[in-house]
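**Q** Now for the letters of each chain:
There are 2 protein chains.
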Amino acid sequence: MSSYVYPARTTTAEIELGTTLQPKFGPDGLIPCITQDVHTGEVLMFAFMNAESLTHTLRTKKATYWSRSRNKLWVKGEESGNVQQLREVRTDCDQDVLLIKVEQTGTANASCHNGYKSCFYRQLAADVNPDDPSSFKLSFTSKPLFDPATVYRKK
Amino acid sequence: MSSYVYPARTTTAEIELGTTLQPKFGPDGLIPCITQDVHTGEVLMFAFMNAESLTHTLRTKKATYWSRSRNKLWVKGEESGNVQQLREVRTDCDQDVLLIKVEQTGTANASCHNGYKSCFYRQLAADVNPDDPSSFKLSFTSKPLFDPATVYRKK
Chain F
8 MSSYVYPART
18 TTAEIELGTT
28 LQPKFGPDGL
38 IPCITQDVHT
48 GEVLMFAFMN
58 AESLTHTLRT
68 KKATYWSRSR
78 NKLWVKGEES
88 GNVQQLREVR
98 TDCDQDVLLI
108 KVEQTGTANA
118 SCHNGYKSCF
128 YRQLAADVNP
138 DDPSSFKLSF
148 TSKPLFDPAT
158 VYRKK
Chain A
8 MSSYVYPART
18 TTAEIELGTT
28 LQPKFGPDGL
38 IPCITQDVHT
48 GEVLMFAFMN
58 AESLTHTLRT
68 KKATYWSRSR
78 NKLWVKGEES
88 GNVQQLREVR
98 TDCDQDVLLI
108 KVEQTGTANA
118 SCHNGYKSCF
128 YRQLAADVNP
138 DDPSSFKLSF
148 TSKPLFDPAT
158 VYRKK
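Heads up: the protein sequence lines correspond to chains F and A, in order.
Residue numbering for the first sequence follows the numbering used here, starting at 8 and increasing by one per position.
Residue numbering for the second sequence follows the numbering used here, starting at 8 and increasing by one per position.
Rather than coming from a laboratory, the hints here were simulated on the basis of the structure.
Be a bit skeptical, because a hint or two may be false.
Given that identical chains are not distinguished, each listed pair holds provided it fits within a single copy or across any two copies.
Lysine-lysine pairs mimicking DSBU-like chemistry, simulated, CA-CA at most 30 Å apart [as the list claims (entries may be wrong)]:
no., residue 1, residue 2
1, 69, 79
2, 31, 144
3, 31, 79
4, 69, 31
Produce the entire structure from the sequences given, and follow the hints as far as they go.
**A** Shown next, in the form of structure tokens:
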């Protein structure tokens with residue numbers, strides 16, 4: 008089958024307090040998705056899904072996004088080998104965001120194309136001066152687990 | 008001061024592997040923000056910030072978003088009392104998403120306007136059939152911590 012049918016959006020009460028998934032795909036057909044490590048709770052990445060990628064995720068149990076830059080289905084890890092096994096799907100109160108919990112697998116167990124476990128590998132300085140942009144400094148909180156140059160082949 | 012100046016976006020290398028915050032505010036002036044409980048790692052909510060709300064967050068150390076529905080600055084908890092104290096700010100590899108870690112405070116320690124600790128209080132059935140939308144059932148994973156009807160005054 009190649010259809011990707013989701014329950015229609017009904018009333019605010021049903022959407023917010025009901026028991027049927029009624030995901031809101033935006034005008035561009037996309038819904039934001041937060042991906043969390045099922046074991047540690049670490050937020051690994053943030054990406055978008057369309058109906059096709061959500062269905063693909065549910066069918067294969069492998070996190071599948073929609074790549075906006077490449078305009079195509081993006082099976083996470085298909086190139087790097089760092090596949091995300093689906094463990095849980097959640098949605099928020101108004102069902103315009105998804106949260107998935109995954110088991111990050113693969114040679115390096117890394118989510119980020121830069122080689123880090125999580126894409127959120129930098130932290131803003133605690134003593135930033137909001138009125139002085141030159142103080143907006145980031146520091147690295149982890150080290151890369153693989154070398155992107157050797158994992159992603161040149162195309 | 009009332010300016011909200013952020014470092015300009017420079018090169019991909021600087022954005023992805025550099026040490027300066029260069030947040031990408033979209034064409035609508037907004038950047039997505041994931042909010043996580045600093046103690047438990049639970050994802051509490053997902054909202055948007057503009058430059059003004061990010062600066063307000065950094066100045067006051069209280070999570071402040073941009074309400075798209077009300078088109079105004081949204082100091083989280085200003086009405087319900089469930090203020091989020093800022094503990095950490097992160098950004099992702101391409102700096103088009105923010106992740107903040109907060110201490111959820113207030114009478115109920117709840118983030119969601121429906122009274123729940125987290126907006127992600129429902130989970131999709133594990134045995135969903137991707138080809139049958141009628142199987143897309145959600146179950147509640149927590150109970151509300153406050154009654155919205157008594158916390159939010161009618162306007």
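**Q** Determine for every hint whether it applies to the structure shown.
**A** Each hint, compared with the structure:
Only within a single protomer do residue 69 and residue 79 lie at most 30 Å apart by alpha-carbon distance; the minimum there is 16 Å, versus 38 Å between protomers. Taking CA atoms no more than 30 Å apart as the test, residue 31 paired with residue 144 passes between copies only; the shortest distance there is 15 Å, against 36 Å inside one copy. In this homomeric assembly, residue 31 and residue 79 come within 30 Å of each other (Cα to Cα) both inside a single copy, at 20 Å, and across copies, at 23 Å. In this assembly of identical chains, the alpha carbons of residue 69 and residue 31 lie at most 30 Å apart whether taken from the same copy (21 Å) or from different copies (29 Å).
Checked against the numbered hints listed earlier, the structure breaks none of them; every hint is satisfied.
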